[in-house]
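My request is simple: use the sequences and hints to build the entire structure.
Residue numbers (UniProt numbering), protein chains in the order written: chain Y, 1 to 771; chain H, 1 to 771.
Each hint should be verified, as a subset may be incorrect.
Copies of the same chain look alike in the list, so a pair counts if it works inside one copy or between any two.
[Claimed, not checked] Simulated pairs of lysine-lysine, PhoX-like, Cα-Cα distance not exceeding 20 Å:
no. : residue 1 : residue 2
1   : K487      : K518
2   : K161      : K122
3   : K542      : K6
4   : K514      : K487
5   : K33       : K514
6   : K33       : K48
7   : K404      : K122
If you're looking for bench data, these hints aren't it; they were derived computationally from the structure.
There are 2 protein chains.
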Amino acid sequence: MIEILKNKMTPESILTAGFGVEREGLRVTPQGKLALTPHPPVFGDKLKNPYITTDFSESQVELVTPVCYSVTETYDFLEALTDIVINEIDGDEELFWPYSMPCDIPEDKNIPISTYQGESGKKAREYREKLMAKYGGKRQLISGIHYNFSFSDDFLEILWKESGSELTYKDFKDKIYLKVLRNYLRYRWLIIYLMGCTPGLHESYIKKCLDCMEKNGHQTFLSQGGTSARNGNCSGYKNEIDLYPDYSSVSGFIGSIKEFISRKNISEAKELYAQIRLKPKDFANVLGSLERDGIQYLEIRTIDLNPFDKCGIAKVDLEFLNIFMLFLLLEGEEFFETWQQEALINEVAVAEHGLESDLELLDKQHWTLKTAWAEDVLGKMAEINEYLNLNQDHCIEVMLNRVKNPQTTYAYRLKELMTEKGYIRTNLELANKYKSESVKEHYHLKGFENWELSTQILIKEALTRGIKVTPVDASENIIALEKDGHKEYVKQATKTSADTYITPLLMENKVVTKMILKENGIPVPKGEEFFSFEEASVKLPKYVGKKVVIKPKSTNFGLGICIYNNGGSFDELLEGARIAFEHDNTILIEEYIAGLEYRFLTMGDDVVAVLHRRPANVVGDGILTIQELIDIKNQHPYRGDGHTSPLKKIELDDQSQMFLKKQGISVLSVPKPGEVVYLRGNSNISTGGDSIDYTEEMHPYFSKIALAAARAFDAKFCGIDIIIEDYKNPKSAYGIIELNFNPAIMMHAYPFEGKERRLGYNILKTIGLAE
Amino acid sequence: MIEILKNKMTPESILTAGFGVEREGLRVTPQGKLALTPHPPVFGDKLKNPYITTDFSESQVELVTPVCYSVTETYDFLEALTDIVINEIDGDEELFWPYSMPCDIPEDKNIPISTYQGESGKKAREYREKLMAKYGGKRQLISGIHYNFSFSDDFLEILWKESGSELTYKDFKDKIYLKVLRNYLRYRWLIIYLMGCTPGLHESYIKKCLDCMEKNGHQTFLSQGGTSARNGNCSGYKNEIDLYPDYSSVSGFIGSIKEFISRKNISEAKELYAQIRLKPKDFANVLGSLERDGIQYLEIRTIDLNPFDKCGIAKVDLEFLNIFMLFLLLEGEEFFETWQQEALINEVAVAEHGLESDLELLDKQHWTLKTAWAEDVLGKMAEINEYLNLNQDHCIEVMLNRVKNPQTTYAYRLKELMTEKGYIRTNLELANKYKSESVKEHYHLKGFENWELSTQILIKEALTRGIKVTPVDASENIIALEKDGHKEYVKQATKTSADTYITPLLMENKVVTKMILKENGIPVPKGEEFFSFEEASVKLPKYVGKKVVIKPKSTNFGLGICIYNNGGSFDELLEGARIAFEHDNTILIEEYIAGLEYRFLTMGDDVVAVLHRRPANVVGDGILTIQELIDIKNQHPYRGDGHTSPLKKIELDDQSQMFLKKQGISVLSVPKPGEVVYLRGNSNISTGGDSIDYTEEMHPYFSKIALAAARAFDAKFCGIDIIIEDYKNPKSAYGIIELNFNPAIMMHAYPFEGKERRLGYNILKTIGLAE
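Below, the structure is given as structure tokens:
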């Protein structure tokens with residue numbers, strides 16, 4: 001089989017598979033007690049949000065990645081969801097418990113079981129109440145990682161065709177997955193050793209389980225040499241008796257499950273708490289679907305949360321699992337009657353004694369030193385890696401180190417911390433660390449850093465609210481959003497189906513814009529349009545000495561605009577015309593209105609944000625030079641390239657140097673304390689300007705004007721620039737300068753000064769995907 | 001006053017005024033009998049179509065230009081409307097009678113009075129029935145030109161301010177218009193001489209009127225020396241008694257009208273058949289509005305149809321009227337009791353004896369030789385023209401010639417023709433001449449020739465149906481359309497509010513397009529996307545020898561596409577990738593599907609046209625060279641620049657030369673009779689391709705596919721390119737190549753072969769402006 005892979009596939013395609021991770025975790029108070037608050041309403045209907053839901057308890061958040069096709073993609077998506085959850089629950093000052101075993105928990109009657117909406121919600125609730133009665137609530141609070149894996153269709157098809165199998169493709173696939181499943185059962189002890197990380201319990205946990213551990217002060221109970229209490233016999237989440245289904249075929253498996261149910265060992269298929277599960281296409285009818293549609297993927301449920309990683313699982317572990325699945329596929333099998341019992345013995349042995357150096361396991365009915373066997377398996381994996389040029393040396397090395405040096409395992413490291421600091425403090429410190437990381441980077445969405453920030457904002461809000469996000473074209477920032485059968489495509493966050501085709505075409509034309517505004521009774525600056533430099537030079541004399549602005553007909557980031565706020569000479573106006581003609585073949589001259597320019601952002605029927613943009617500037621301290629002040633200002637985390645960051649770094653180009661020179665200063669000048677030095681005339685964020693939120697401060701009269709302007713174009717997403725003399729006074733002079741049909745939203749979402757605006761929500765509302 | 005004009009205004013702004021022309025005309029059979037068919041339904045509700053309606057009779061079409069601001073604009077608009085009317089009535093094989101006096105008309109009881117819809121239609125009908133009873137039907141069939149004139153606001157405001165008038169602006173305006181009106185009354189005889197053209201009558205006209213003329217054979221009755229029977233006492237359209245309103249002030253005028261009504265001389269204000277009228281803002285309340293809002297403009301009703309011009313009035317006459325109005329404003333007045341009677345005497349004298357060389361008129365109560373007086377007036381106009389640099393010498397020269405040489409007047413020339421050929425034949429020959437001109441140029445819309453042809457098609461259809469058209473931006477082909485309060489902006493004919501903003505953004509991205517088509521179960525060619533030339537060069541080997549197409553991700557007019565329909569070598573594919581990368585930074589390679597490519601044009605829920613495009617080609621005759629065949633083919637009236645013409649001239653660029661060379665021939669080769677020589681590989685119309693209509697021939701199965709593709713994007717206007725092996729066979733192989741969101745429509749509207757498609761209607765229907 002390995003020869004087929006070697007000859008017919010590239011290393012990249014061998015490693016390409018379907019990955020999905022589910023990660024559970026408890027919401028806790030800053031003191032480490034189970035949070036008794038409801039699941040945050042922003043996550044919406046738990047049964048409909050595909051990304052963020054609850055498990056058994058209302059306080060137990062479950063994060064679910066969609067199927068991803070690389071480890072990096074999977075990890076990034078999980079991190080994005082993790083950041084979202086941490087930031088959202090931060091509103092209630094709650095923390096996200098990083099450890100599989102529960103925090104400081106109350107008695108069963110006070111553990112809040114998940115509540116749900118609707119008819120199917122009623123069933124979900126009843127099922128949980130039954131579990132509570134049968135297994136107790138505390139055990140149900142254990143959290144972990146579920147790792148979903150499927151080979152790619154390409155991979156399976158090549159294997160099927162090239163192996164000359166006489167089976168149908170479906171039967172061949174089932175055979176492949178069943179083999180991997182059986183080998184997983186045999187080798188799961190290795191994962192429990194490498195990734196197990198539940199060495200301790202809190203005194204609020206089940207008394208019987210605490211008794212298996214040693215009391216250690218700080219309300220902490222620790223295992224002596226175990227890696228994973230969660231996978232052990234004492235504390236774990238297991239069926240009441242050991243069950244060994246028939247894994248030789250799908251029909252055999254179905255037969256066993258039916259028998260378990262008829263024997264009342266379990267009430268339905270999903271109550272079988274296996275370490276690995278066969279997953280069907282149709283979850284509503286597991287057995288029927290497995291038979292009809294075949295096995296779709298495998299779900300591994302062994303892995304403990306890794307509290308040393310914000311996401312609960314390290315990327316290197318995901319990398320290892322990728323090649324481990326390949327090993328399971330390639331490794332031979334030996335069958336004997338008690339192979340499943342043997343695998344269970346090994347599982348429990350490693351879970352409860354894995355850190356003991358002389359631990360022996362049963363390898364095909366012979367006792368073998370765990371370390372030697374582990375090294376043997378990792379050696380085989382290294383061979384596969386080398387033979388197929390998979391380039392996965394690093395993760396195998398890391399695992400070999402864990403085998404050779406047990407003190408590098410998660411379980412050992414965590415036990416050390418818990419011994420020193422106690423159970424609660426250890427986990428709270430980690431939770432707080434992840435919280436500060438997530439909050440600091442809240443304006444980035446992991447895995448989508450190369451997308452425009454505005455699209456990141458939208459994706460983040462959609463993921464939060466359980467709206468299905470499909471990236472469509474990263475280079476063009478196109479995504480698809482879907483909820484309850486309603487699908488919307490969005491480009492660059494605000495180009496949507498809510499607006500019509502003609503609206504932006506009208507708005508991008510300044511002359512048409514003015515015409516339509518006028519028709520709708522909205523004041524615009526008076527002006528004239530020139531089609532050639534010659535025409536301008538003939539007609540400019542009458543504007544000499546008047547307060548005017550000269551600009552290209554279609555502007556772009558404020559380029560080519562000259563402002564004569566004290567009137568200009570003929571030569572100066574002519575120069576302005578020359579500059580404007582560099583950007584368009586039609587230019588405008590307009591009366592200049594005194595005042596500050598404000599950007600009103602409208603979405604649907606609302607003005608959702610207002611801000612003023614201040615030209616790039618620094619504030620002196622009497623000590624540092626302008627250059628030094630710029631360097632410091634540029635270190636603000638919001639300043640970057642202006643596409644994937646809310647603000648742009650200030651760049652000292654020729655224009656700024658000239659601007660300083662005109663003021664009689666240079667970058668080496670030292671401004672006085674508090675002195676504001678402007679570095680250019682235009683205030684665009686794209687040239688280093690500051691954004692200052694005025695949403696609440698702006699007089700509502702002007703917001704009404706902005707909305708009327710947007711409505712005149714039937715524009716659902718619109719950025720309206722208005723010059724206003726006094727923003728507090730509705731009788732103040734004002735004039736609409738420009739309408740923008742693809743308004744920047746990041747400067748409002750993350751302004752330099754003032755309140756951050758949650759605009760992703762407004763976008764979703766405007767396109768009918770949120771209420 | 002002239003000094004103000006000289007010093008404060010440019011010649012251009014002096015001549016800028018508001019012009020509007022109404023032109024009536026009868027629909028007639030090819031035999032010159034009054035057409036008894038209804039007004040063409042395509043013109044819609046007569047009371048709502050602002051451009052094309054009826055006057056007294058159902059058979060009397062009235063063309064109305066909107067207010068235009070230059071003579072050229074006015075004339076062009078009138079020509080556009082004329083062409084529309086001539087082409088539309090051509091469907092019934094009717095002609096547009098070019099002469100003011102009626103054709104061969106039936107007795108009153110058989111003259112169809114206009115029918116109307118609705119409540120206000122009932123009133124309009126009743127008014128006409130009253131006229132029929134009072135004046136008889138035949139006289140009501142007389143047609144003419146109504147010339148509406150207003151000074152520009154700028155013009156009036158400058159005069160008002162600079163003259164230091166103590167009147168309000170409204171009163172000043174009224175004063176100006178009243179002066180011009182009075183002078184018009186005094187000098188109207190000159191217009192009747194210069195432009196009068198009703199020297200003859202048909203024997204079917206009113207017996208009493210025929211008696212004033214001489215019988216001349218061919219059922220023709222001719223005046224001996226008259227210029228305008230329509231303005232004379234015998235045959236014209238006049239009140240029963242001569243009425244002289246008070247024109248000294250608006251209130252004086254209102255008083256007179258009220259008195260006429262109370263004396264039952266007329267039933268309402270509009271029944272006063274004055275040679276010139278004061279026009280109000282509100283037509284529903286003429287007198288009240290004149291008092292409240294002041295005079296808005298003047299309507300001159302003197303002018304006969306000019307049968308020597310397709311539009312009924314020559315452009316030079318419009319030019320003359322422009323400066324004539326200025327003369328009337330500047331010329332002094334002398335008041336005496338009978339000035340109105342004197343003016344009427346002159347009117348009738350010229351109308352009935354204008355061509356007599358020794359005719360004398362009453363100038364301020366003194367008999368003066370008409371010729372001398374006319375020369376005097378034209379001399380004064382020439383002085384004004386020179387003093388103000390108006391550059392209107394030409395039209396004054398032309399009029400001077402008419403004065404000096406009466407045989408150059410319209411009346412004289414027409415009488416000559418009627419004498420020779422008779423009344424009916426003379427007019428039918430002219431009508432047929434205009435018809436063939438209009439039909440020949442039916443794909444052009446006069447006055448809009450610089451607009452894209454697709455926009456011309458839409459404007460023409462809108463004008464036809466009485467949808468108000470406002471040109472918004474000619475350079476960007478943006479217009480506004482309005483009907484019954486429903487306003488739509490349209491850019492380039494198919495960019496409208498019917499489509500959403502996101503649709504074209506998705507469609508312009510080929511990868512997204514394929515994704516969405518696939519999701520909707522529509523077959524697309526298989527392919528792969530490359531982001532760099534390096535990537536392409538690594539991945540191209542597997543396509544060697546396969547039938548593929550390489551193209552840029554976003555194509556434009558088929559540029560940068562290479563087709564390997566017999567497979568390509570690695571080097572050839574590499575070259576294709578290089579070419580494609582010249583047009584985009586992402587390219588596609590796709591399987592090549594054999595067959596011909598068809599363009600399906602969808603609008604709303606319909607496939608409105610289908611065509612196949614054939615690459616630029618010539619068909620040999622065994623005599624001419626390829627170059628000569630191209631030159632001949634390029635002479636087809638549809639071939640031009642491809643924007644203002646339906647098809648593009650074939651250009652022999654390097655690529656075509658190369659293409660011929662590959663076939664072992666050159667432009668100097670002589671193809672055999674019937675041999676088709678292709679001049680290039682791609683079939684775009686923009687590179688000289690032929691369009692062949694397949695709308696009826698195409699199997700409906702493929703039209704359904706095209707519609708499904710458009711619907712997948714929710715696209716209301718869409719051009720779908722599908723390669724189909726056999727367009728008659730629904731089981732044939734096919735594949736969607738591309739979707740176009742701004743589909744060319746002219747190639748369907750005016751195909752090289754096959755039926756012309758009336759797509760303007762489909763556009764209007766799709767945006768809700770037609771049913």
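Results of checking the hints against the structure:
Proximity of K487 and K518 under a CA criterion of 20 Å is satisfied inter-copy only: 15 Å between copies versus 37 Å inside one chain copy. Taking the closest pair of Cα atoms, K161 and K122 never come within 20 Å of each other, the shortest separation being 47 Å inside a single copy and 82 Å across copies. Taking identical chains as interchangeable, the C-alpha atoms of K542 and K6 lie at most 20 Å apart only when they sit on different chains, with a minimum of 18 Å there against 80 Å within one chain. Proximity of K514 and K487 under a CA criterion of 20 Å is satisfied inter-copy only: 17 Å between copies versus 35 Å inside one chain copy.
For the homomeric pair K33 and K514, neither the shortest alpha-carbon distance inside one copy (61 Å) nor that between copies (52 Å) is at most 20 Å. In this assembly of identical chains, K33 and K48 lie within 20 Å of each other by CA distance neither inside one copy nor across copies; the values are 28 Å within and 76 Å between. Taking identical chains as interchangeable, the C-alpha atoms of K404 and K122 are never at most 20 Å apart, the minima being 50 Å within one chain and 103 Å between chains.
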